[in-house]
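4 protein chains.
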Amino acid sequence: MMTLGVGMVGYGFIGRVHTLAHLSLPLFYDPLPARTRLIGVCTATEASGQRAMAQAGYAFCTTNFHALLERDDIQILHICTPNDTHRDVALAALRAGKHIYCDKPLARTVAEAEEIRALAATVPTVQQMTFNYRFVPATMRARQMIEQGFLGDLYQFRAAYLHSGYIDPARPYSWRLDRDRSGGGAIMDLGAHIIDLVRFLVGPGTGAGRGGDFVAVSADLQTVIPERPDPRTGQPRPVEVDDIAYVRAHLEGGASGTLEASRLATGAQDELRIELHGSRGALRFNLMDPNYLDAYDATTPEQELGGARGYTRIETVTRYPKPYALGVTKNTVGWLHFHIQSLFDFVSNVAACLQGRAMAPWSPDFADGLAVQRVITACQRSAQAGGERERISKV
Amino acid sequence: MMTLGVGMVGYGFIGRVHTLAHLSLPLFYDPLPARTRLIGVCTATEASGQRAMAQAGYAFCTTNFHALLERDDIQILHICTPNDTHRDVALAALRAGKHIYCDKPLARTVAEAEEIRALAATVPTVQQMTFNYRFVPATMRARQMIEQGFLGDLYQFRAAYLHSGYIDPARPYSWRLDRDRSGGGAIMDLGAHIIDLVRFLVGPGTGAGRGGDFVAVSADLQTVIPERPDPRTGQPRPVEVDDIAYVRAHLEGGASGTLEASRLATGAQDELRIELHGSRGALRFNLMDPNYLDAYDATTPEQELGGARGYTRIETVTRYPKPYALGVTKNTVGWLHFHIQSLFDFVSNVAACLQGRAMAPWSPDFADGLAVQRVITACQRSAQAGGERERISKV
Amino acid sequence: MMTLGVGMVGYGFIGRVHTLAHLSLPLFYDPLPARTRLIGVCTATEASGQRAMAQAGYAFCTTNFHALLERDDIQILHICTPNDTHRDVALAALRAGKHIYCDKPLARTVAEAEEIRALAATVPTVQQMTFNYRFVPATMRARQMIEQGFLGDLYQFRAAYLHSGYIDPARPYSWRLDRDRSGGGAIMDLGAHIIDLVRFLVGPGTGAGRGGDFVAVSADLQTVIPERPDPRTGQPRPVEVDDIAYVRAHLEGGASGTLEASRLATGAQDELRIELHGSRGALRFNLMDPNYLDAYDATTPEQELGGARGYTRIETVTRYPKPYALGVTKNTVGWLHFHIQSLFDFVSNVAACLQGRAMAPWSPDFADGLAVQRVITACQRSAQAGGERERISKV
Amino acid sequence: MMTLGVGMVGYGFIGRVHTLAHLSLPLFYDPLPARTRLIGVCTATEASGQRAMAQAGYAFCTTNFHALLERDDIQILHICTPNDTHRDVALAALRAGKHIYCDKPLARTVAEAEEIRALAATVPTVQQMTFNYRFVPATMRARQMIEQGFLGDLYQFRAAYLHSGYIDPARPYSWRLDRDRSGGGAIMDLGAHIIDLVRFLVGPGTGAGRGGDFVAVSADLQTVIPERPDPRTGQPRPVEVDDIAYVRAHLEGGASGTLEASRLATGAQDELRIELHGSRGALRFNLMDPNYLDAYDATTPEQELGGARGYTRIETVTRYPKPYALGVTKNTVGWLHFHIQSLFDFVSNVAACLQGRAMAPWSPDFADGLAVQRVITACQRSAQAGGERERISKV
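Residue numbers (the working numbering), protein chains in the order written: chain A, 1 to 395; chain B, 1 to 395; chain C, 1 to 395; chain D, 1 to 395.
To be clear, the hints were calculated from the coordinates, so they are not data collected in a lab.
Quantities reported herein were computed from a predicted structural model and do not represent experimental measurements.
Heads up, a few of these hints could be off.
[To be verified] Chain B is faced by these chain A residues, among others (derived, beta-carbon under 8 Å): (1) P301; (2) L305; (3) R313.
[To be verified] Which chain B residues stay away from chain D? Per the calculated CB distances, all over 10 Å, these: (4) I14; (5) T63; (6) W175; (7) P321.
Every residue gets a Cβ at the ideal spot worked out from N, C-alpha and C, and that includes glycine.
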């Protein structure tokens with residue numbers, strides 16, 4: 001079996017999650033598309049790198065990501081650092097011919113994302129985004145059903161990603177609130193996920209009637225808590241990004257809907273909700289209830305006493321398709337699984353690429369990363385223009 | 001249109017509910033099977049009777065129920081008094097040739113119930129029980145589906161009626177805790193409803209595979225709080241009936257299941273739950289969520305990602321069959337509706353009886369009342385014998 | 001006890017619901033603020049009027065609403081006719097000195113609403129809107145909690161009223177789709193309810209931090225299905241109103257949020273959802289689950305294993321405040337109850353008015369009706385201007 | 001840091017889950033109590049062992065478990081084989097002085113379990129059961145709350161573990177249906193989990209009023225599908241164990257409740273439900289909804305409109321106590337996590353044991369394994385005696 005060497009750039013929370021996913025692959029899938037080996041990890045401090053070696057068995061650590069790119073035994077590079085570093089790491093990794101697995105968002109701006117995508121298009125490696133919510137059994141099943149025409153013509157959609165982590169005004173300032181480092185607030189961090197999910201479900205290639213890519217948005221980005229204490233000085237520092245993003249969006253085929261991203265949704269944990277209403281049916285998913293996809297078949301005839309009409313809570317649970325192999329499939333799935341399945345998809349694609357086989361059809365590549373960025377930027381521009389409708393150019 | 005005069009024996013909570021149902025009929029159903037007119041009400045005190053006249057428009061009141069039986073313009077008699085009066089009122093009303101609508105339970109004991117039923121069988125009037133939970137859109141739909149074979153062979157059932165009204169040991173003693181007046185505790189008051197509901201759904205005439213009438217039970221009746229303050233004296237008085245009833249039950253066709261009735265289910269409001277598991281499907285209902293019937297079709301093929309398997313929350317809402325006519329049917333239904341529909345069913349039956357037409361197929365008659373009583377009594381006997389299995393003779 | 005004569009203008013679905021509410025009052029409340037007597041009903045056809053007399057006991061019927069206004073024994077007038085008649089009936093009723101109970105919306109346009117309101121302000125009668133969702137136990141409890149400071153500063157809100165009645169393009173044209181008769185589509189019919197509910201919960205007088213009245217909106221009104229068959233000719237006829245309304249709204253105190261009204265939300269029955277996120281807590285309600293108010297207390301300290309943090313499903317059930325008196329309060333409530341409680345509030349106000357007492361604090365009057373109309377009109381203007389932000393002038 | 005060598009006996013589904021847990025520990029916990037190293041694996045066939053080596057990195061494989069016991073570099077032995085092997089492996093491992101982590105149940109019979117426990121009591125190693133449902137954040141939180149007196153006096157409990165894997169009569173015979181190999185059916189396989197969970201939550205050491213250990217049961221064990229096709233011959237073979245177990249159980253302190261284990265609960269996936277009703281509060285958990293613990297505080301005063309009464313859905317999510325360290329704690333948890341936390345608890349105990357520190361207070365040891373076995377056996381005896389109440393002797 002093929003073995004692929006892994007270099008990890010960044011070992012914060014998300015870097016550790018990606019690392020755990022590598023260690024988990026051999027027990028989750030049978031047969032494996034390839035084995036992966038944790039070779040090098042790049043961190044901001046030597047101490048973090050040592051920790052990664054001890055925890056996960058990386059063979060070496062470095063504070064310079066180029067040290068990973070130089071290694072021939074590293075074929076795969078993960079980008080798990082803050083948004084402002086994505087461009088430089090990605091460009092260098094592409095030049096070094098690495099397969100890249102980049103945590104969302106692709107970059108801070110459309111300009112950066114276009115630069116990355118333009119180079120990527122010339123490099124015959126796998127360049128994949130970590131849009132992990134494509135890899136929930138429930139969202140995969142939704143895509144399958146939509147491809148089979150379950151929705152009919154899409155009338156409208158409603159997507160929201162609600163967090164409450166910033167409701168306390170005393171929560172200190174961090175890089176996520178610095179526009180230059182993060183590229184944006186809720187719309188960038190949370191919005192990226194739901195923009196991708198709408199595209200995944202009813203965007204290009206899904207066959208959804210009245211769906212297709214985003215063509216226009218109108219947005220209102222709110223900064224409700226205007227300043228937060230600087231953790232170093234304790235002094236108030238202005239927040240430069242949005243706490244809440246409200247978006248009305250239009251798809252190429254005519255359907256419209258709303259996107260909402262919030263860090264001030266008191267009471268929410270990790271509440272990603274999506275609802276799709278079509279002429280033949282409706283689909284509904286909530287990330288806090290990840291074991292079920294709710295599906296409503298509107299072609300069931302109306303009857304007294306309700307007949308058979310209603311939302312079916314499809315028990316998607318751990319029912320991943322083969323070669324998922326971790327035993328019985330009736331057990332509940334949790335957040336980490338989606339990352340593991342997402343990485344599996346990426347590793348499968350790398351193996352396929354090296355063997356000249358086609359890639360998996362649902363994998364999000366850098367063109368998807370760029371498309372999401374275009375929507376985010378359009379929202380930011382619209383908000384700046386007082387909510388004016390902003391057109392989105394084609395990728 | 002035919003007009004039927006109504007006599008109401010008892011005007012406590014349940015008497016008022018029955019009264020309200022009469023006033024509501026003309027606005028809920030179109031065409032009406034018959035008009036009803038509130039003529040006389042019998043109460044323990046003159047004051048209550050005056051109140052009933054003022055509130056609901058009864059033409060007269062009395063403290064002697066015979067005064068109602070003597071009236072020719074009263075065709076329908078409601079029995080809404082405590083359990084220890086049911087026998088005398090019912091027997092007299094039967095002798096007077098009245099149509100009877102008797103709130104559950106039929107009586108305190110099998111002996112009383114048999115006596116009532118024996119006489120009833122000789123009188124050509126409608127004698128109907130108020131088993132109002134047969135008249136929830138969701139339970140009606142369940143019955144419909146079961147008749148159509150949805151469950152296949154019944155493997156098991158689970159029925160519970162959970163209240164929490166008695167969790168405070170300081171709640172005073174009342175007639176419901178007096179064995180002689182009530183005939184029993186949770187098993188009598190709450191158990192009667194679920195015993196009837198199991199019979200309604202998978203009992204005789206439903207066609208449910210392995211279903212049929214109750215043939216044996218084994219029960220444990222617990223009195224957790226052994227005494228309560230007498231409201232007159234303030235002194236502790238022994239509780240003579242069960243707080244909690246646990247029952248294992250067996251149906252004629254071989255299926256088994258459990259019944260549970262509790263007044264000590266902290267956190268429960270009016271929690272009647274029923275779950276039925278069969279070889280082809282499952283059905284589930286909870287009275288606190290009365291607008292939906294959950295149905296699981298196990299004949300749907302198993303698939304990766306869950307396919308289409310899962311419970312469908314059939315939106316039964318207010319979707320009563322015609323002549324229910326109160327406008328749009330998408331609005332939520334609440335507890336009072338079930339009493340209104342139950343009374344509609346009774347009045348329809350009286351009209352049918354008077355016109356020589358067949359009665360509605362799902363109406364609970366006194367034979368059903370007696371059958372429920374047999375199960376209750378068998379539970380009481382089993383509990384007294386330490387949980388020994390008690391056979392239930394056929395009606 | 002005082003007796004109030006009732007005149008009903010309109011006896012379609014909503015007229016029948018109001019009528020039923022009158023018949024129900026005496027059994028639901030004890031003591032009653034006043035008795036009401038159904039005297040006259042005005043309908044488009046003589047046949048409907050006869051039906052109302054037969055069903056509900058109205059003493060007479062007419063096809064000319066002035067016949068009701070002339071009667072001295074009619075103190076209360078209900079307006080239950082299509083929107084285009086509200087202005088004329090309301091003005092005449094005000095001139096006749098009647099107490100008015102007007103089903104929402106107050107009128108078709110701000111101009112009409114202002115005219116009505118201006119006259120109303122000079123007439124010392126009770127003029128109340130039927131905003132029935134103020135009278136759900138859950139929304140009443142929400143208002144109570146908000147007045148007590150439960151939310152702290154309001155960060156954002158999300159209100160939606162979702163129906164699916166129009167998803168079939170073959171559903172015929174009706175007056176509701178005629179802009180001149182209805183004044184608007186989803187935003188008028190469904191939007192009115194949630195605009196009022198947001199005002200009721202966090203609007204003027206609620207004390208909600210950052211709340212207050214609506215000051216600006218930006219809206220997108222979509223007509224997804226552009227024509228429908230005319231029921232008389234069978235020919236396609238252009239739909240003149242919105243199927244779906246997306247609104248971003250801003251309150252006087254700074255909070256923002258979204259409103260959505262849809263007739264194309266496949267899978268929805270009568271899905272009114274409201275969510276409020278504040279600095280100290282969050283509240284959530286769904287009309288399809290009307291027995292509970294979800295409340296999240298964010299002042300509970302965060303702890304390992306979750307501590308005690310989470311949404312509490314407050315069991316509002318039938319727990320109306322006194323003099324609600326229909327027995328035990330643990331039973332489920334359904335849609336009709338809210339109309340009964342709303343009418344009770346109105347009748348109480350009329351009695352209070354006649355006795356020189358203060359009116360109930362939460363009753364929606366014609367100023368509220370006008371305020372809602374202003375928001376609707378602002379949404380229509382904003383949509384026409386491509387979503388531009390539209391300011392809302394003070395009443 | 002201490003390193004502990006691991007020997008795994010059995011590498012079926014559960015063996016792979018335990019193995020995955022070992023690989024995951026270093027990324028989930030910081031600091032680790034000890035590092036673990038996968039050394040040897042014992043499987044029925046050489047091929048399985050090779051697979052385990054390739055998948056998980058075991059250093060060697062064997063088909064003779066004694067080969068693991070002989071190794072000095074193996075301190076920890078996992079028992080993940082069918083029930084009929086537990087006794088021999090456990091006794092030998094105890095004699096070899098290994099720390100043992102034994103998947104439930106401890107053995108097939110009380111006699112076997114007593115033999116194991118008797119020897120274990122003389123060996124100063126850690127002997128722990130895999131009762132993984134003690135390690136759900138929600139059940140851990142429940143235990144915490146109960147220890148703090150949340151329930152007050154326990155009135156009753158209701159525990160069920162519902163599966164549907166056997167609803168198809170064509171599902172072939174397997175060792176689980178062979179009484180001699182499995183020791184029992186649903187009561188053994190599923191019942192063991194809920195018996196343990198009831199003991200964990202309200203059993204000895206929890207301080208729950210009216211709780212304590214099981215003292216008596218009355219059971220009905222049903223074999224609904226009496227024979228199944230032998231996978232080798234295709235011929236029907238009699239099923240020797242129960243499909244469904246219904247149990248009424250009594251605790252030392254006086255509380256009673258029900259246990260139900262079923263393999264025929266059509267519509268159930270992995271439905272472990274537990275409900276506890278006490279004088280001061282109630283707790284509720286469902287394994288299919290594992291991110292929440294429902295808690296009802298009955299000491300909240302009753303009020304109009306519900307006040308603040310209701311079940312709080314405590315968001316236990318991934319909120320494991322420290323040293324759990326896998327980043328943010330708002331993400332959903334799934335079934336595998338509970339095994340990882342359970343293994344963490346065991347490894348912590350082994351480290352504590354070797355360092356002379358006290359063990360964790362909630363760990364299930366072999367005395368717990370034996371106690372569960374006593375309840376199972378009592379259920380089997382009661383069922384054989386027609387449901388007679390069977391006393392359970394103290395361990």
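So, going through the hints one by one against the coordinates:
1. P301: Violated, about 13 Å.
2. L305: 4 Å, holds
3. R313: 4 Å, holds
4. I14: The claim stands: B:I14 keeps its Cβ more than 10 Å from every Cβ of chain D (closest is about 22 Å).
5. T63: Non-interface label stands for B:T63: nearest chain D Cβ at 34 Å, farther than 10 Å.
6. W175: About 23 Å separates B:W175 from the closest Cβ of chain D, which puts it past 10 Å; holds.
7. P321: 26 Å, holds
The structure is inconsistent with hint 1 alone, although it conforms to all the rest.
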